[in-house]
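Peer 1: Residue numbers (the numbering used here), protein chains in the order written: chain A, 12 to 370; chain B, 12 to 370; chain C, 12 to 370; chain D, 12 to 370.
Hints in this document: simulated from the structure, not taken from any laboratory.
A portion of the hints provided could be inaccurate.
Identical copies go unnamed one by one, so any copy, or any two together, can satisfy a pair.
[What the hints assert, rightly or not] Pairs of lysine to aspartate or glutamate, EDC-like flavour, derived with a Cα cap of 16 Å:
#1 Lys203 / Glu163
#2 Lys336 / Glu206
#3 Lys70 / Asp181
#4 Lys369 / Glu329
#5 Lys203 / Asp173
#6 Lys369 / Glu64
#7 Lys334 / Glu273
#8 Lys369 / Asp122
#9 Lys334 / Asp179
#10 Lys209 / Glu98
Protein chains: 4
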Amino acid sequence: MSSSFGHIFRISTFGESHGGGIGVVIDGCPPRIPVTEEIIQHELDRRRPGQSEIVTPRKESDTASILSGVQDGLSLGTPIAILVRNEDQRPGSYDEMAVKYRPSHADYTYDAKYGIRALSGGGRASARETIGRVAAGAVARQIIAHLAPEIEILAWVKSIHDIDAHVDPDTVTLDQIESNIIRTGDPVAAEKMIERIKEIRSQGNSVGGVVECVIRGCPPGLGEPVFDKLEAELAKAMMSLPATKGFEIGSGFAGSRMTGSEHNDPYRMIDGRVRTTSNRSGGIQGGISNGENILFRVAFKPTATIMTPQETVTSSGENTELKGKGRHDACVLPRAVPMVDNMAALVLCDHLLRQKTKS
Amino acid sequence: MSSSFGHIFRISTFGESHGGGIGVVIDGCPPRIPVTEEIIQHELDRRRPGQSEIVTPRKESDTASILSGVQDGLSLGTPIAILVRNEDQRPGSYDEMAVKYRPSHADYTYDAKYGIRALSGGGRASARETIGRVAAGAVARQIIAHLAPEIEILAWVKSIHDIDAHVDPDTVTLDQIESNIIRTGDPVAAEKMIERIKEIRSQGNSVGGVVECVIRGCPPGLGEPVFDKLEAELAKAMMSLPATKGFEIGSGFAGSRMTGSEHNDPYRMIDGRVRTTSNRSGGIQGGISNGENILFRVAFKPTATIMTPQETVTSSGENTELKGKGRHDACVLPRAVPMVDNMAALVLCDHLLRQKTKS
Amino acid sequence: MSSSFGHIFRISTFGESHGGGIGVVIDGCPPRIPVTEEIIQHELDRRRPGQSEIVTPRKESDTASILSGVQDGLSLGTPIAILVRNEDQRPGSYDEMAVKYRPSHADYTYDAKYGIRALSGGGRASARETIGRVAAGAVARQIIAHLAPEIEILAWVKSIHDIDAHVDPDTVTLDQIESNIIRTGDPVAAEKMIERIKEIRSQGNSVGGVVECVIRGCPPGLGEPVFDKLEAELAKAMMSLPATKGFEIGSGFAGSRMTGSEHNDPYRMIDGRVRTTSNRSGGIQGGISNGENILFRVAFKPTATIMTPQETVTSSGENTELKGKGRHDACVLPRAVPMVDNMAALVLCDHLLRQKTKS
Amino acid sequence: MSSSFGHIFRISTFGESHGGGIGVVIDGCPPRIPVTEEIIQHELDRRRPGQSEIVTPRKESDTASILSGVQDGLSLGTPIAILVRNEDQRPGSYDEMAVKYRPSHADYTYDAKYGIRALSGGGRASARETIGRVAAGAVARQIIAHLAPEIEILAWVKSIHDIDAHVDPDTVTLDQIESNIIRTGDPVAAEKMIERIKEIRSQGNSVGGVVECVIRGCPPGLGEPVFDKLEAELAKAMMSLPATKGFEIGSGFAGSRMTGSEHNDPYRMIDGRVRTTSNRSGGIQGGISNGENILFRVAFKPTATIMTPQETVTSSGENTELKGKGRHDACVLPRAVPMVDNMAALVLCDHLLRQKTKS
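Okay, chain A solo, but in the shape it has when bound (with noise of 0.2 Å):
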């Protein structure tokens, strides 16, 4: 059940990077909602590998195709299957990597679980894992469309490297962050950042950086104490990413710096609503949406493959060294992006038709 997630609207995913494809099976879809494979697409293109210069140039059409679950555009309220076919492979990049642990990936720790691992790209520890996570978080977007149609899910890359962005949650448009390849609010930011990602890669290094993430229009009510706060689904939500270290919410790490006088958030009546005049709160109070804007941060470490040489071992037990070879992001954020706020739409999905469930 590990590679299951959500409650009532519930995902599988399956798939390695390498094999006959990566794909999700979700179990809970309303029924009669509009899904096709254009929006599913639409999402996986954000995600994909090669759209942009600052990228991957791996050639991966990722291209969805629906096997169950819908007739003529409507979900019939059965478990919809979604498989993307692998296309690029090449083994061969990987022949040192199969002998050599790669440093700060997942091929030593994969070898102690299971006793065995898939022997190229990473298997499940590879970002295209999360394809299946992107073709679910498009259903699950056509159903916020359906139950709660005032609700925008929107994140951007708010720093890569030790470049801050200055994106306004308040009133960032999806326009804005698809405008630039980065995938963020701030253009000037944006011009330094592409600077940054190639000036590293031609170092064969990696950058790190981090997402934010808002939710406006989110309904009062939603997130299930005590164990599935709506923060706590979110958290696990974000950490169970590749490549990401740490969330926080609201005022996050600095709020814990404040007093209770300066981080409260006051209440006052405002068009005829119970509103706070200040969001430190992130939106989430005892784990349940309060109607502001929910305000999150993820923080992602730099691609662990570099082309520099690495001292590591072998899955025999001799240090040895490694140098990354291969087309890999030398920054993963602009295609965190999707990844963040798709994720979010699974969580934010499950919890509308749990709450249905209250009444």
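Dock chains B, C and D against chain A, hints included.
Peer 2: Just chains B, C and D, lined up with the frame of chain A:
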């Protein structure tokens, strides 16, 4: 199912801060594990009010009784129910709060979600809810001691307000942490933190801070990709605790500002084992433990209840003011330490048992 | 998780027949449902020992207390914990049974599974375990009354030994069933059954029988293919009750000897509704209710404890003899009726709530 | 989650009878288990149409392809996705059925539940849905062979219409069962059954029957009280199969007409093991296997599709008549045998893995 946590070792908690009592039912404890009320009480005593001069003076003994699943000090393999009766009920303190939403508490969101809420003491949103988790953590520790006795789980206060403690995760001991009422491994910082809490409390204000936790001696191979990665489960566990705003593992948010060559952990054979010579991964790679120390941090916001007037609204939608009353922690950190280390024990125990199904 | 049942309305039971107590935690009860100790007690009283001259004379009042989740007679939406303290503990009666495995009891299998077992009273294998189920059933009934007040769930004794009752599932009433201590809708058969039980008991022997259950007024559309079909969930619910040996729905085993033209239920429009003019389907088609009466039967074996000497072995592996002692039901059927109808209520309630997530 | 089954070894099936394909994702298969397409195909071939003169002549090769989770014939410990493409699509045969509800099919109930349904071939209510179960059963058998090689799971046709087969569950072999197209261990009855099916089919009618299943060599200790008792899980597994109307274990319904002294199974030490000298318990006591043969029976109703005119209604609510068309089984029993034994394998495999977490 939102009050259940874990897969094989699965706990279901219940209870409001006021009412008959608080407790937990543990399903999946292996048989023949030593479990006694004393063992459980030991952990509860680390969490309970009134334990020192810097925590809330509420007088609750938080006495645990085992209702089922244990015979002559050994688990039967059947559900273990543990009950802590509520004692020090002064609902009078909360009268005003029944109509006025306390800022940055969960009063409003519970009303928005359920259309009803426990009118005194915060209900399930009270930190008192964590009793069930800590009691279950005591049992989880017994199973860990049986299955992997080399595992040590230690948490401590890393910072309070702007005061940072300097603690070496590789060497700090439980005795050092428990030797001061802050629960930190740095006696100098402890003194400053105590002074700061007293000062802040005298102003009717509150402060937040950060808890750090290390898991030493964890065998390689724990964690269940792709959604139940070890860090994802730890993140959910921690972010489901009251007042948490952030989680980071290993290099965390700082790691997002590094390059790959700075961040990657080289492998070396040391004493016949695969080891890393640095630990920016925080002991987990690809969602699976690698045998190094698992190290993470959890941010806690300042306690929401403060003794100065704040703007708020009533449940009937009128603007008003509220001033905190009652006996509250001005800083939750000392009592948060056992919440963090026991939640970590729940996650570890569950994953040790899950790993047994892999062979 | 093996002591939990249900998906949205999820119960977790605990407790041995001897020990601190027996109970249940209910997670997923919608808020603002009327729940009181009286409502729960009413169902428990139908199940408890000593209620009539033909059941075990053990004196247990089985008094329920609600520990959490309810305020002023209304559910809060948080977990409802219900506890029944054990009272009439005479472990002395069981001394011999501690070393000798009682034939057709679970003493041996618990030892085989867990390597330890509750040394008195059968532990979780005692029919006393069903207290938690029945208490939760009382709450489930309240939710059903709120969501689908037209639903009636009635069970009755269909046969005891070779005596069959003639009961019309379409018209039988709760009053008719509860008007005799057998709990059947056929007063003539009831008299014969009472005589048979007394006769069998006087011989130190025991008898089995069949309980039949009808769910009237069930809306079409409940049940979740393909694994959580309504009959599959009912079957699991019933076969998890102690002493059950069989489950059949509608035509049941007799239906397997029919042809399609004899078995199929024709559809007709009646009063503007789609109806079937026969009901060999038992109210469920393809795992989903069709609006007709759901009708099923559950076979119970004769009580295992008998007062005549039987061959058995000791826990240390020696052949021996054992003669039952203690105060046991010679026939479990009258007390099985509320177990069956309340388990049916648990299933129905869960599926009513699951159906709410389909739109 | 309604299309998922199992706890540790968990399968999620998908696919309509017509559409892209049918399949299953298996989560929780231990690593390094031999799994090949040939092994899966072998079980699918026992289930597929067109395999003999007495089953539906539909021409579907039901060819399985493994999409993930297997490398060089060994499981990786990651999800195993198996896909069977649909081939023989003749939606034309079903035109009339799109508007007229087929009696005792699930057309009406799917419409009632989902407000939409697969307009051809019965969608998920088709017996074709069981492909995913059988494919997963083939994998489950491999795990069982690895963990408990002494276990044998055999099912056979016990009766068709009023013809009973005489089969000794203790000695019957797979070869005997597979030596006739009925799949029964009684060659004389097999001939009669074949004649009966042909006769019934020539009348445009159909017949039901009973499948019996034995699990030999099961170690004591499997089954998880109180809700996941072994017989409860078997009952759910079987009652989730299409067309099933009843389940009984050991003495079954007949046991309800016995006395305790007749029904109890005496224990004796035999060859140093605790054994029972009779087996009315059917190999399970208190929900846990006792080491004796597990023996159960499953009732199947006659196939709903018959070639004679029947009264029914249209989806727009008008009375009408319908006469079956297409190529259907006049008796599902021969193909039900691999459904039953493979579902039993799924349950056993899951419980073998669950038992590993008890120590």
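Peer 1: Against each hint, give a clear statement of whether it holds in the structure.
Peer 2: The hints, checked one at a time:
For a Cα distance limit of 16 Å, the shortest separation of Lys203 from Glu163 qualifies neither inside one copy, at 28 Å, nor across copies, at 45 Å. With identical chains, the CA atoms of Lys336 and Glu206 are never at most 16 Å apart, being 22 Å at best within one copy and 55 Å at best between copies. With identical chains, the CA atoms of Lys70 and Asp181 are never at most 16 Å apart, being 36 Å at best within one copy and 45 Å at best between copies. Taking the closest pair of Cα atoms, Lys369 and Glu329 never come within 16 Å of each other, the shortest separation being 58 Å inside a single copy and 27 Å across copies.
Taking CA atoms no more than 16 Å apart as the test, Lys203 paired with Asp173 passes inside one copy only; the shortest distance there is 10 Å, against 32 Å between copies. When the C-alpha separation of Lys369 and Glu64 is checked against a cutoff of 16 Å, the pair qualifies neither within a copy, at 48 Å, nor between copies, at 42 Å. For the homomeric pair Lys334 and Glu273, the shortest alpha-carbon distance between copies (15 Å) is at most 16 Å, but the shortest distance inside one copy (50 Å) is not. In this homomeric assembly, Lys369 and Asp122 come within 16 Å of each other (Cα to Cα) only across copies, at 12 Å, whereas the closest approach inside a single copy is 44 Å.
Neither within a single protomer nor between protomers do Lys334 and Asp179 lie at most 16 Å apart by alpha-carbon distance, with minima of 41 Å and 33 Å respectively. When the C-alpha separation of Lys209 and Glu98 is checked against a cutoff of 16 Å, the pair qualifies neither within a copy, at 27 Å, nor between copies, at 49 Å.
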